[in-house]
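Single-letter residue listing:
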Amino acid sequence: MKTKQPAVLTFLIILTVLSNVLAQDPTPGSDNELRFFAEKIEPLLTSHCFPCHSHDANEMEGGLTLDSRSGWANGGESGPAVVPGEPEKSLLIRAIRHADENLQMPPDEKLPDEVIDLFVDWIRRGAADSRKSKTPINDDNPLDWWSLQPLSRPNLPVLADRKKLYGAVANEIDAFILKQIQAKGLAVLPKADRRTLIRRLYADLHGLPPTPAEVTSFLSDPDPLAYEKLVDRLLASPRYGERWARHWLDTVHFADSHGCEHDIFRPNAWRYRDYVIQSLNRDTRWPRFIREQLAADWFYPEDSKLTPALGFIAAGPLELSRAGTAPVTFDYLDRDDIVTQTMAAFASTTANCARCHDHKFDPISQEDYYSLQAVFAGAGKGDLEYDADPKIAKKRKKFTELLSLATGSDKMKLPTAEYENLISDWEKKIRNNPTVWEPLLPRSFVSSDGATLKRLDDDSLIASETRPERDTYTISATSSLSRVQALRLDVLPDDSLPMKGPGRCDNGNLHLSEIKVFVLDDDSSKRIEIGIKQATADWNQQGWTIAHSLDGNPATAWGIYPKVGEAHYAVFELTEPVDMKPSSQLVFQLDQHHGGGHLIGRLKLYAADSDPRVATVLPNAVYQAIKKNPIERTDQQSTAIAAYVLQRHAEEQLAKLPKPVAVYAWSKLYSHAKKLALPMEPKVVHILSRGDIDKPGKVAVPGALAVLDHAPGRFDLDDQADEASRRAALADWLAAKDNPLTWRSIVNRVWSYHFGRGLCDTPNDFGRMGGTPSHPELLDWLAVWFRDDAQGSLKQLHRLILLSETWQRCARVPNSNPAIRESQSTDAQNRLLWRQNLRPLDAESFRDSILQVSGRIDLKMGGSGIQQFTQSKGRQDTPELDYDGFDWNHPSAARRSIYRVVWRGISDPFMESLGFPDLGLLSPKRDFSVSALQALTLFNDDFVLHHCQVLAQKLQAEHANLEQQLTEACRLIMLREPDAKEMAWLVDYSNKHGLAAVCRILLNSNEFIFID
Amino acid sequence: MSISRRTFLNTIGGGFGGLAAAHMLARETVAWGGETNIQDLNGGLHHPAKVKRVIQLFMTGGASPMDTFDYKPELEKLHGQKLGPTEKPEGFTAAPGAILKSPFKFKQHGESGRWVSSVFPHQAEVVDEMAFLMAMASKTNVHGPATYMMNSGFLLPGFPCMGAWISYGLGSLTDELPTFVVLPDTKGLPYNQKGPFSSGFLPAVHQATIVNAESDDPVPHLFANSEFSFATRAADRDAFDLLKRINARHAENSGEDSLLDARIKSYELAARLQLSAPHVFDLSKESKATNDSYGLDNKVTRDFGRRCLLARRLIENGTRFVQVWSGPQGATENWDNHGSISKELPPIAASVDQPIAALIRDLKARGLFEDTLLIWTTEFGRTPFAQGGDGRDHNGGSFVTWMAGAGVKAGTSYGRSDDWGYKTAEGTTYCYDFHATVLHLMGIDHKRLVYRQNGIDRRLTDVHGKVVTEILA
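Residue numbers (my numbering), protein chains in the order written: chain D, 1 to 1012; chain V, 10001 to 10473.
If you're looking for bench data, these hints aren't it; they were derived computationally from the structure.
Just so you know, not all the hints are guaranteed correct.
Calculated pairs, EDC-like style, for lysine to aspartate or glutamate (alpha carbon to alpha carbon, straight line, at most 20 Å) [said to hold, decoys possible]: (1) 992(D) - 10241(V); (2) 360(D) - 10457(V); (3) 10423(V) - 694(D).
Covered by chain V, per the in silico footprint, the following chain D stretches (three or more residues, Cβ under 8 Å) [what the hints assert, rightly or not]: (4) 912-920; (5) 933-940.
Bear in mind that the values here come from a model prediction, so they are computed numbers and not experimental data.
Here a beta-carbon is modelled for each residue, glycine too, at the ideal position from N, C-alpha and C.
Sequences are here, hints too, so could you generate the full structure?
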């Protein structure tokens, strides 16, 4: 690889290499010594030490392993365990002698003296030990593994004599495939016929069968490019995204509920599902797809409709019960899920294997793993609100910031110049049109709980006699105004009240829980509630503000303590002006639910017909400022006015915006921690010794795999507190051109869905425990081609694969051909791809195909999930679901399966029998396993039987005689007409059991369920 | 066993993509001399099996050890003293209260002299049949993860449970019944819903068949819903026949494939299942005396008793692994006795006690203990400290499991908890050791029963597990 490295980095690399050389195992020892070790020492180590210090037991107490020479030579947390030749300096000897109180091994019982003497003797003689390091990583060159090698484009293979080839070379893929087949001297199957190809293509790209008309048109298309055109047409169809989205959703274990003990619904998760469908349909380039899903907020802050991409991070399960009772464990395990998913999905790497110790097989350190955890330490899984319309989002952002400035401590930053007119207009209004408050005349006034309300001469009301715990006053009053825009409530002191009031509580306080106002016309018995936009008061008790009187929560209220014995007032601004007839009455309902006699003692009501912004109660500072002549005001006073006006303006503007929507995604408002102080600092992630929360080591910094040299393994961030920048750095690290894993990972994944198996058959693991590619050069060639030529376009990659001869080959042939028999016996697993693989329909395709052939499918796209079950309350937070209870006549039954609600822990038995995965874990590939119970499910499930009836009715409506009906059924289901023999069978069966029963057989047939 | 059946099993277990079932792989590597060797292992995979079938009884919520089988006189002495942790430990639902003695009387029973509290009078009579793990520990105090752990060996969702692993390892004993059956409490599913019976990443063929013991159609999908008038039994019979012809013609026309063949045969098995399954679920075939012995005549014991009896009928007819759950999720009507041990434990204990004793006697009388293992377990224990009045909080520190039947040294025990029953003191066993022991009895080396998933060779016992030979015969 040619990259320029700065001098410092080169120096570091040399240092690293040097230190590797120095750390190499010392010479193992002479034969004699080795025999001594093998006969005497090794058995002792195995029986006494391995239970706590070996890879096999997965135990590395104190970070020490004793199952290899390098294990004791490198030692654990306390340093090397053995110093050859120097038993007295060897920690091992100190430990087994129980010489040190803090270091006694084995901890429970001291070894016999003669055993200790053997160890001493062994070390004194030089500690011979021939055992190799347990980790298969080549310490000198940890990148010595196919998936970690730098990517470069292999040369196209030169094929031998072309005449010997059975298949043509349609494109580069075929050259690589045929090269290996030729090397084995095998024969290949021919290209499949058009009927097979169109069915296979539809199944592959859409998960649906073609209609008989589409088949006919393709079969009769004289254009030699007919197939190519079909590929392009299918890739351009929105059905493509619906089909391929599920592959990705499986890979990232996406479902619509938490899973685990409290398997609660995520009503907003579907927006991520729709995002994936849309991204695939618009062919979002792969690097961008990575960046959007990990950090759309950081990379594309202006494009708010990308927010659902962040649903990626929250796709997996959430262990809500543990979040409550074992929060520290929960935090680490929840991040573990995210790290596992991210690294497996994008880089086919099992970083999670390094949670308790350095990865045993791949060059991934524990520090790498916790660095990845640190990337995701800034938030959690929860609902994330956003505006899908970027214009709205922009407005919300603008006014939220304005509001925050106007109410914050640094008001000098307010953009007052921009709003100069707004501020001066307001001031003019308030100066030129002071509010005239007209006292209302109370006509009737009732206490709900037995107090006596009396009207005084000044038209105020006073409460006396019984003082209940709680009360509601209902007051009807009239006004001479023809229009009302604001109302005012005065609470007044009175000598008759405790502490002179204005409340009836012993301390003079009152609590107004809720206020409601209605207008009642004489000619109508119906009272209409008046909307109140906002309330302000001259004084608010701490924590008991006037806003509480409008929040609909009876537990909160407005109070005036400790300013008792004096008058206070509150102004209520109406949402809309209210027109008053002479006969109209205003009805006030004053709820005082707090208890303890927190009731209003004396009150008076007013109304005004002036701009509510003017009628409002000004905060004292603003009131004092406005009283002054502008030129006499201090800067502070001018700012107070500006801040007040801009606060009101921002609030009004925000109130006008449509409500934001939400997606279950990466959110500061976690599902399990609703009340968080914002803004929040990312949590501190420690490197946990053996993954144990009780053994926190040093603090991890955000990063990825240090072993790869395409980018720094620890991220250089301007601001560690900016958690989005951590995710963005990981996205950049993954999407980098020279990342050897990313490009191989995605081309292999796409390949696996086209052939039923990847070139590497472990799509989520390219490590030493994963598979090795059957065609490594092809994999690399595809990776480079996808990255450079196709510029990360999945559709171009599909096209290349689908146009290859390899993909178009037959999957089966009659067993008569001896050359094919040879291929069959040499490569029964078809690793060399001398044929296409026979593939079953997966759960979604089976279901959607039935909807299609029965003529019922509803191709409406997107939107909240379809619940194909009935739901009732469960014993805890998890509801009970009944899949049998669903009515298949319901219109939503006809929607495509991708829009189903997937309840993670309560799977749909029908889908499950066809291999729908358990989404507790990542599911990069589906299984299809045949069983009697599966047969019974396909044979008897309500969904299948219901649609047999639907199909039979459709056939009967469209065709007059039975033979036509049966022919059409076969054309729909098998894309062909039945032969004479089959027709005779079907007619016979239909005569006995009916047409729907025939449909049941055809839908259960191998010809329908398998794609050739 | 004919070649075609062998091929069929291979395909049926392996599914698509060339995976082979563990038992077939093992037969090829361990017993490559031929199928006769399999007989030598008595159905085992790696070594001779003593157990062919298992009934597991799972007490949902965390059955209290110190109020059932783990007698702690020390608690009587220290009752009421605040000696526990002062702050809420990770995983507790609340800060612990004072030491709480058991409200129940303990007595020694049987020749083994095992201490049993008064909540289990019936089991006390058959205590000599049992072998106890007295110091089991869990890695968590939280229901969800703990329930996963005792079933799948992992704290997280998505991993296969023991029943699925056994199905994967050993396959079926019969073609006429499902291999792995779960009988949840009719009041509801346990914690994690269907998670504890998941086949995880194993092929779906190893999935549990979840049986609703209250339903008229206990085996889902066995027959069509009666609203579909065209799907009669007669139509079924003719359909299986016609389907076979149509599928054969399909294979004939364009080439055979073992997967196609497997599906053809799966419908033949389906037809047989339709014949045999209803018979097994028909409890009227049992005598009144048997029904009564399981407590079917008593409201308290009827539900659990019926499910124990069904479990016996299932394994008798060839089901390999049956799991019977006591208690649904939640904090009531199960073993999660936070509120009051004295009030909440007796009713749930009474609901299982007589049926369990009857099951032991019945299995023994029918000779089923020759190759059947019975297990009683739970997800964790409870604190020796009071919660609220006289309730107890979750405690993964120590709890009790017992086994009875084939291969078990009856009347023994292994391990000991500390004097309060708070933590294990010696002979600690985890789910790994427990699972390793069950697999061992079935002729499986737990370290060799593996399935590679996302690059990791997964085992039921993760990277742990030691067979508890001390309780084996």
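Evaluated hints:
{"no.": "1", "hint": "992(D) - 10241(V)", "verdict": "holds (14 Å)"}
{"no.": "2", "hint": "360(D) - 10457(V)", "verdict": "holds (12 Å)"}
{"no.": "3", "hint": "10423(V) - 694(D)", "verdict": "holds (17 Å)"}
{"no.": "4", "hint": "912-920", "verdict": "holds (count 8)"}
{"no.": "5", "hint": "933-940", "verdict": "holds (count 7)"}
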